[in-house]
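Asks: In the order they appear, the protein sequences are chains A and B.
Throughout the first sequence, residue numbering follows UniProt numbering, covering 1 to 277 in sequence.
Throughout the second sequence, residue numbering follows UniProt numbering, covering 1 to 313 in sequence.
These are calculated hints, taken from the structure and not from any lab test.
Watch out, some of these pointers could steer you wrong.
Unchecked claim - 27 angstroms max Cα-Cα, derived DSSO-like pairs, lysine-lysine: (1) K221(B) to K308(B); (2) K202(B) to K274(B); (3) K264(B) to K274(B); (4) K221(B) to K202(B); (5) K8(A) to K202(B); (6) K221(B) to K8(A).
No experiment lies behind these values; they were computed from the predicted model shown.
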Amino acid sequence: MNGSALWKRVLQPAVVVILLVVVIGIPLYLALVTSAKSQGEANIPDLSLPSSWHIADNYSKAFTQGDVPWALFGSLLVMVPAVVGVLVFGSLASWVLARRSGRTVSILYSAAISGIILPPAVVTIVLLLRQLGLASTPFGMMCVYMGMYMSLVIFFITGFIRTIPLELEEAARIDGAKPLMIFVRVILPLLRPVIATATILICLYIWNDVFYSFFVLGGGSVTTLPLNLYSVASSNLYQNNWNLVFAYVILMSLPLVVIFTFAQRRIISGITGGAVK
Amino acid sequence: MTATTSAAPVSAPARREPERKVRHSRAAGLYPTWFLAPAFAILLVFFFVPTLFNFIYAFTNWSAFHNDIAGVGLANFRAVLSNGALVSSLGITVVYAVLVAIMQNGFGLGLALLLERDTRLNRFARVIVFLPVLMSALAVGYIFQALLKPDGALNGLLGGISGHPVTIPWLGSTTWTIVVVAFVNSWKWMGLAMVIYLAGLKTISEDVLEAARIDGAGVWKTFRDIRFPLLAPAITFNVATALLGSFNGFDTILSTTGGGPAQKTEVLDIYIFKVYGNGLFAQATTMSLVLFLVVTVLAFPVIGYLRKRERVL
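Okay, chain B solo, but in the shape it has when bound:
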């Protein structure tokens, strides 16, 4: 962990160096425009064109049941509105993303503070906490499905402790299962949040903490007034990646609940996957467009807000 700051592309001293660019007239010769071509060709064809297609095919009857594709206006939007799928998946996705952002960061920061000192036990613990990050989310979901079944390992364990059989359906509640699934996803990613918070804690200079100690600040006051504010860049990165990542949440939910019970964990990507599997391609496209628009509307203000906080501090 000692090498963390050396690898930082924009480490503190480097950022202060004035950013130098080559004058416009010479630049084209020194940095040929064609160097941009392969990257932008890939971006254009495989990212921007499909995105553009979203805006077209959401208004058609493209499906596995027709040979031709014809425009149908807003029929797809009316369909997903009237069957309730749009409002419910959208709501579930937002709840899921917020829950994951809170839990993943809470766990990650808690672990970083707990394992901050460089003892042998702490170094070992960091490695173990990081293992789930390496595993596929699908695999993690299956493990928790087995753990949380009504006749699964967790209830067995609780029954053993309490002395009488426990059969809590952890993944069967129409209200709380979304929280459990968000927990599972946060469990999988908390190791990544932790290492980023650890790196952030390392960048806080010892002098600042020493000064606080001399001024008589206790552990909690030092954390609240000094360390937490100085962690702002790490928080920005972690909250933004957790939010954006879970707007596209899929694997963990597929392998724990598959969207159930009663579609109460059916986030947008699960809905898209199911509807696409049923051959209703245009409806899947419509939801994909909705996801795109929601992320565009929500993500920029969130990131803007977090960055502004960083600058103020």
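Here chain A stands alone, though its shape is the one from the complex:
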């Protein structure tokens, strides 16, 4: 066996298995095993198996203490409309930005995509929302997310539309279709791959966001899964409750992990589609 074959057949698989077990396996296993321990045993989190199993107990406690149903509802309530809104309005604007030319359009385009780089002004957003009467409301949160991710959507979709031949639109135009009709019937269906990319990335960001939701939703009645994780973990100050923290972590991560295992090929190709030119 020469060096290259040895690497391919023996060493590379061995390296992969060791890396998976040590680098990814141990942290995830720690969360799983601790979520099944009694509070006393979880106090000093180690890798040993629980001496007595407390799965049902811990998960039901995390479920009620972290108010999972209400937080799940809140997470979906802000994420779904924000993603739909930013994609609909963003792709509508992108079509015009991609097809029209001139100085004004190029200035508008630069302004529109500047938000990819510039950090949102998180503190003054709260002030603005108060003035608009939207502070601590899910509607305010949706608007903030739409404002934050509009740039990314316009950047991805404008780039994509520029690769769609004009002839496709012209054919519909000759048939007498109005602009909105052409957009809905011709352009929108062609945008599927790039909309998939944007949807996945933005869902990932919003689903896991805790910084912006702290500021915007703080003090209101609507909460999200990560916000409740923080409050469960913060009660850790008074009594160690790693078992509940990790039970909650696993409950919260489950939806995305399940979706991912069923659609991993499409999700990965969707993400990379937008990134590598």
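Got chain A sorted already, so can you dock chain B onto it with the hints?
Replies: Same frame as chain A, now just chain B:
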């Protein structure tokens, strides 16, 4: 992974096609201006106006302790300068962002090269490496806090191997904890960097690699002179997103150290969060303005440089 290139919005053949735009006179009728209205209204109200507010309220005494808001000139800037918060959080943020950019890309590229061949094991490994990307950074931080505590799992494991108890305070060093926290954040995101590098490696044509092989180039020489330069677009994307993302770093730090020990991992967003929680809204705004200005000053040259490298190659 085979479908990656088909989804690319600007794939290679499409880019060569001349970019066609409709002549100016007809354009307004065919692509109505009002289509821009909803998107720009949202951007204006919820992105640009708050940014503008940053430039106003950083110079006021806006706080939870007054009912009225009055101008105070540069008092907030003097406050964050004299208590050392500005210099220290800014320095920590830059160090953190650079560390994350280096580690996240190092891990991502290493994994992409390791898992490049399409074997069953490699496909499985890619899925597993991607799992942390899906998890909330807050959750990842808690896992590592439990792992890295002085009496936590890692020290327990090391103690078991070495035979005597180990109590390294991984998150307790005023010098090295920022590196550990940057590692945790890179661990969470390395799967994303990896899939982007894998897609980049796929776009390199087999002919080029074959030609290099015929010319007698070894694995290392092929990588250094051919594959690495051709990965430039993927590198640009990964470095830029890692840098910009970690300038806004918050979740991982909050859940591993909360800014400690001795505020040595207190990046700008953590500082903003804490000061805002104390009701000093104007000071939080001041730091938010500083973050905005620093990102504006740093980000454009970095991205410009990376793109220029792409064009040269």
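Asks: Take the hints in turn and mark each one as holding or not.
Replies: Against the structure, the hints:
1. For the suggested pair K221(B) and K308(B), the alpha carbons sit about 24 angstroms apart, so the restraint of at most 27 angstroms is met.
2. For the hint linking K202(B) to K274(B), the alpha-carbon distance of about 45 angstroms lies beyond 27 angstroms, and the restraint is violated.
3. Using a Cα cut-off of 27 angstroms, the hinted pair K264(B) and K274(B) holds, with the two alpha carbons roughly 14 angstroms apart.
4. Taking the CA atoms of K221(B) and K202(B), the gap is about 18 angstroms. The hint holds against a cut of 27 angstroms.
5. Between K8(A) and K202(B), the direct Cα distance comes to roughly 19 angstroms. Compliance with the 27 angstroms bound is thereby established for this hinted pair.
6. About 19 angstroms separates the Cα atoms of K221(B) and K8(A), which keeps this hinted pair within 27 angstroms; it holds.
Hint violations for this structure: number 2 only, all remaining hints satisfied.
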